[in-house]
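J.: Can you make the complete structure from the sequences, with help from the hints?
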Amino acid sequence: MSEGKRRAAVKIFILGPYLVLLYLLQATVFPRVLLFGAKPMILPLAAVGVALFGGCVEGGVFGLFAGMLMDLACNQPTVEFTLLLTFTGLLLGTLSDTALVQGFPSFLLSAVAELVLCSAFQVLILAVLRGAPPMLLLGAALRQCLSSLVFAIPFYYISRFLSRIM
Amino acid sequence: MKEFISKKGIYIAIAAILVAIAAAVTVAVTGGHAGFASLLSEPFFKPVKSALTSLVGSLEHAYDYIYRYDEMEAENQRLRARIAELERDYREYTEISEENARLRALLGFAGRHEDLVMEPVTVVSWTASNFSSSFTISKGSSSGVELYDPVVTENGYLVGQVTSVTSTSATVTTVIDTSLRIGALISEGGVTGVLSGDYDLFRSGLMKLSYLGEDGSLIIGSTVVTSGSGGVYPAGLVVGTISGIAVGSSGLDPYAIVEPSADISGVTHVYVITDFAVNE
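Chain order of the listed sequences is A and B.
Numbered by our numbering, the letters in the first sequence go through residues 1 to 166 in order.
Numbered by our numbering, the letters in the second sequence go through residues 1001 to 1280 in order.
These aren't lab readings, by the way, just hints derived from the structure by calculation.
Note that the coordinates shown come from a computational prediction; the quantities given were computed from them, not determined experimentally.
Be careful, since some hints might not be right.
Claimed, not checked - With a straight-line Cα cutoff of 20 Å, these simulated SDA-like cross-link-like pairs (lysine to any residue) come out:
| no. | chain 1 | residue 1 | chain 2 | residue 2 |
| --- | --- | --- | --- | --- |
| 1 | B | Lys1139 | B | Val1117 |
| 2 | A | Lys5 | A | Arg164 |
| 3 | B | Lys1139 | A | Thr28 |
| 4 | B | Lys1139 | A | Lys5 |
T.: Right, dumping it as structure tokens:
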């Protein structure tokens, strides 16, 4: 097996179970955890971490699967997270490969941007598809961002640790 | 020897007599409770005696530990096994007791609605979304669960509706979700309306009863039940009680705020109504 294939296999064997574990936590534990009156989203945070430390390809692929599982965890027929996490994973990974420093400020900034984008996308889809008044949803969106950001520090260290062992 | 006795012996005898006198005096002074020797020695020896007693106790304990270890280990194992057995019995008892209470409630509800065919299911997981309210249940189409089947608690309180089905699981959207519309009737007064979730009331776990069909009084505390119109829900399922009355932004459309009777966020076991008689 070539070095490239071996490394790819190691990444799959590490990131695959990591993703499954996160999905199980997201679908079973975190729906029962209310912080600031909202359920935290941990899969987008994990996607940001993998993209920042892994680069464009890892960010995109992990974002795709994380997005699919996030949509699944939300019991929704739409694919908003699948699209969003894939594209933000690709974008953030590219920035990480070229311009972004792989430190906590970059992670925090990227996490805030990702969470705001996710919430805004959810509000937009509800407004367009169901005619929901966006202003009424902004409070819930803000609470969702805050409750998720509580987990930014642990996910920064987990992502950094995983990137070092891969 | 003779010289020793004559010289040293006298001194020893004198000393003994003095000690005896001192002891006698001490006993007399303390009322016979403590001798001279014990009074003198106790302050010095008590700590040492305590330490020795403690040491002996420890040695005895160590002796027991060494020579009776196997016996104690076996006893410990027996007790641990017994505790585990009792804990398992207690868990089983609690589960059976809870199930018994649920089945008794269901029996009462099913007795009142003999036309309903119900499938007991457990809640597997809840949605991770902050903008909707739904959960996944443990049975799907292979158990007879179909799309749009109503879901109730053991007391017959409406929880929601099946909105997607696979062969082994299904998703239930709850009554507080903004996507559901339920034909409803206020049991006291007969006012009809449409029950739905509302983005403003969602966080509080409340619903909105709007499009009130005819003039009638809205009384706080009145029970809201399904009207049965449309044939999606059986008539007469309790949905909630009116907890407030408000007016829409236009000022012309009054609506009632309804609190669900079922503990929506706390349900763990629910019943899917797979068939019922439609009375229109």
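J.: Hints first: check each against the structure and report whether it holds.
T.: Hint check results:
Straight-line distance between C-alpha atoms of lysine 1139/B and valine 1117/B comes to about 15 Å, which keeps the hinted pair within the 20 Å bound. Our distance criterion of 20 Å between C-alpha atoms is met by lysine 5/A and arginine 164/A, whose separation comes to about 18 Å. Under the criterion of a C-alpha separation no larger than 20 Å, the hint pairing lysine 1139/B with threonine 28/A is consistent with the structure, at around 17 Å. With a C-alpha separation of about 41 Å, the suggested pair lysine 1139/B and lysine 5/A falls outside the 20 Å cut-off, and the hint is violated.
Going down the numbered hints, you'll see the structure goes against just number 4.
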